[in-house]
Amino acid sequence: MTAGLIWALCCLIVMIMLYFALGGLSEGFAKLPFMKLNPNTNGGELAQQVVMDNCTLMIRKPVFDGLLRERNKGFVQIEWKGDLPGKINDTIDYNMDSSPDFVIGIIVPENQVNLVALNPKVRDVGISTSTSYGWAARINIDK
Amino acid sequence: MDEAIKNLTMRKSFGKSMLYTLPMFLLTFILMTGGRPDFSDRSGTIALLTTFLGLNILYFLMHYTGKTDKLRAILFIVFALTLSFTLIKNTIDIRQTMTYSQGDILECNMPFCHLVIPMLILPAAFTQSIIYPGSILGGFASISAMVVLWLAASVILGRGFCSWGCFYGGWDDGFSRFRKKPAIRKISDSWKWMPFAVLLMVALTSALALTPTYCDWMCPFKAVTEFEEVTGIESAAKAGIFISLFGGFVVVLPVLTKKRTQCSYLCPLGAINTLSNKVSPFIVKIDKQICNDCYKCVQACPMFALTNDDVKKGSVSIFCTKCGKCIDACPKQAIHYGIVGVPANRMVKFSRNIFLFVSFLFIAIFASGSIITVVKSFVNLFI
Amino acid sequence: MLDSFILGLSSGSTCLFTCGMVIFPYLMAGTAGTRKIITDLSLFLLTRFLVYFILATLAFYFGKVIFTSPVFRNYISGILYMLFSGMLIWYAISRSRKPDCPAKIVETVHNRKLVPVFLGVVNSLGFCPALMLILTKSATEGTIVQSYLAFLGFFAGTALYFIPVPLAGKIRRKKVFETIGVMATGIAGIIFMIKGLTSLIGGIIYG
Ligand code: SF4
Ligand code: SF4
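Protein chains in written order, with my numbering: chain A, 1 to 143; chain B, 1 to 383; chain C, 1 to 207.
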């Protein structure tokens, strides 16, 4: 009985403190090792950056992350930040082996995308979409 | 009124009720104003004061009338409605539409809600990362703040979170009150295990696909918050599922059964919250010495948390959300809020006072932001 | 592989709680200790694995013969998915469902050593709607490896439930677990129903 009462009173105190301490608690919680976005979610780490006339092309590291181990199928995310031209046509070397892997062409106003694979590991376009900063695409690739 | 019942009634005098409301009055004022009241913005001030007074009047009435459920439900339903309004308004302000695009997902711009939590656990354990495309800290509804709030509320209130904290529960709670009597009465008791099956499936599918599958495919509340732009068969199927689940589990079934069917049959977080009832110090107790087995409480319970057998045994099941409906329905005052370890019929008033304070403080502050936003929008329409 | 694993996981629990009640006593009856149970269980799982391997091969080659065009493949697989997932949902919600298990035939086997092998064969050839769904999936896969992977996922999902068999006697509230298992099966049915529908509509629109 006493344990129950003590527990209830502790809860009362915690509840009163909760909202005062929420900012600090959230910051502390956000520092926990698992509190970072999964590469499948945020597109992975930035690998290359190419500054062009009006915009910057960002190529992220290929993502193959699975639950327990890497998957055989993954994607590479590329982003164009800045003022986009009406037509994008870029040759991408995502694995940085100095030979181009695919050519991606996007007609921005029509949201049309065309992919020419130069590397057999490049499969198809997963996502191609406008974003607040410009454009982003996820190209599905094999490991 | 017989003497025993009179002693057990939870009503308080006007003065005593005011006295009990005072700490809530002060705390809500400090928390809602951040300790530094700023009355420079007219509509903001009106919205703040209206919300503040409204909340405290409700709390006062809980003490003064001795009733809990109806007053709680007012706040709970208002919370659900205003939160949906705020979310939609926020989405429209940012994107000029109620739908989100794949671009928003890639930019990790999605507001986070507690229903996602069951899907985060396995991936967080195995990949040490979060699979929801939202903001970890800062911004509108960050993952960190929401998880902290939910964790604290679940430990303290147990499944009480589902009647005193969740900003979706008010939807089916509201619809379950539409009719005086249920049109469908006979429902198999085993359906109440359904959320565990949903939990199993969404936890596994999310872990294996590393995307929050419940949000992607099953959440009925997408219909009243935001959903994916329809661009093909898959997104059309998703929109169809969201709308049908909302129509079926949140509107039609609650109206017909007078039960909170979404929360009882679908919500995977509800299943986890059920387990958290084992930790919370607050429970609902049945005093078998007073109970005359009329089973009015069983009919009243909107959560399938009470069966005739439970009443016979004198204990409420782990599905209880501590809404207080059975307590208010009991003609003998045989059911009451209690504290773990304290025998039924002992410290009854103390237990209720402390539970009400804790749970009301949680929902009042959690809900105040969205209520103020909505009141302010209305005030702005007129001034 | 992912969806087969999930299907296996969801239907595996039902499989365990219905057939398991027949299988446990045989696997455990007359055994002296955990070692024997583990040997029997391994034999049982190995047999299931082999049967699935054969089924995957057969399904793939039959699929190649039957599904000659991709559009036809979309239509047929869509319809089959919907049919079998409908059966799976019905199986989950039907109240008159008796916990009947084909493994009961085992009563006719007299050689004790062969019992786990026999049980493995009978259990994997139970032709429940979940297995039919996997057969459909396997038959419509592009390569034989994908077909094997589909069965492997299903095998892994169902096998997980049999691993704690030595602890079976200690599971409390079996009824609750069974109920949750049956409901999870129903949900898996719904997932495959949607998959079938999208495949069918996709076939109609893009065919
Ligand atoms: S069951 Fe789910 S939706 Fe219902 S109140 Fe609880 S957390 Fe909210
Ligand atoms: S048992 Fe009572 S308090 Fe608990 S959910 Fe049912 S009506 Fe609400």
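Quick caveat, the hints were computed from the structure, so don't treat them as lab data. Since the structure is predicted, the reported quantities are computational estimates derived from the model, not experimental observations. We put the CB at the ideal spot given by N, CA and C, even for glycine. There could be a bad hint or two in this list.
Just some of the chain B residues that point at chain A, by a computed CB distance under 10 Å [stated by the list, open to error]: (1) Asp93; (2) Ile94; (3) Ser129; (4) Thr211; (5) Phe282.
Evaluation of the interface hint that places Ser129 (chain B) against chain A, nearest CB under 10 Å: holds (4 Å)
Hinted contact Thr211 (chain B) with chain A - closest CB pair below 10 Å: Nearest chain A Cβ about 7 Å off; hint holds.
Asp93 (chain B) as chain A interface residue, shortest Cβ-Cβ below 10 Å: Since chain A brings no Cβ nearer than about 13 Å to Asp93 (chain B), farther than 10 Å, the hint is violated.
Cut-off 10 Å, beta-carbon criterion: hint that Ile94 (chain B) touches chain A: At 9 Å from the nearest chain A Cβ, Ile94 (chain B) passes the 10 Å test, so the hint holds.
Hint validity - Phe282 (chain B) Cβ closer than 10 Å to any chain A Cβ: Holds - the Cβ of Phe282 (chain B) comes within 10 Å of chain A, reaching about 7 Å at its closest.
Figure legend: structure checked against the earlier numbered hints; the only hint not met is number 1.
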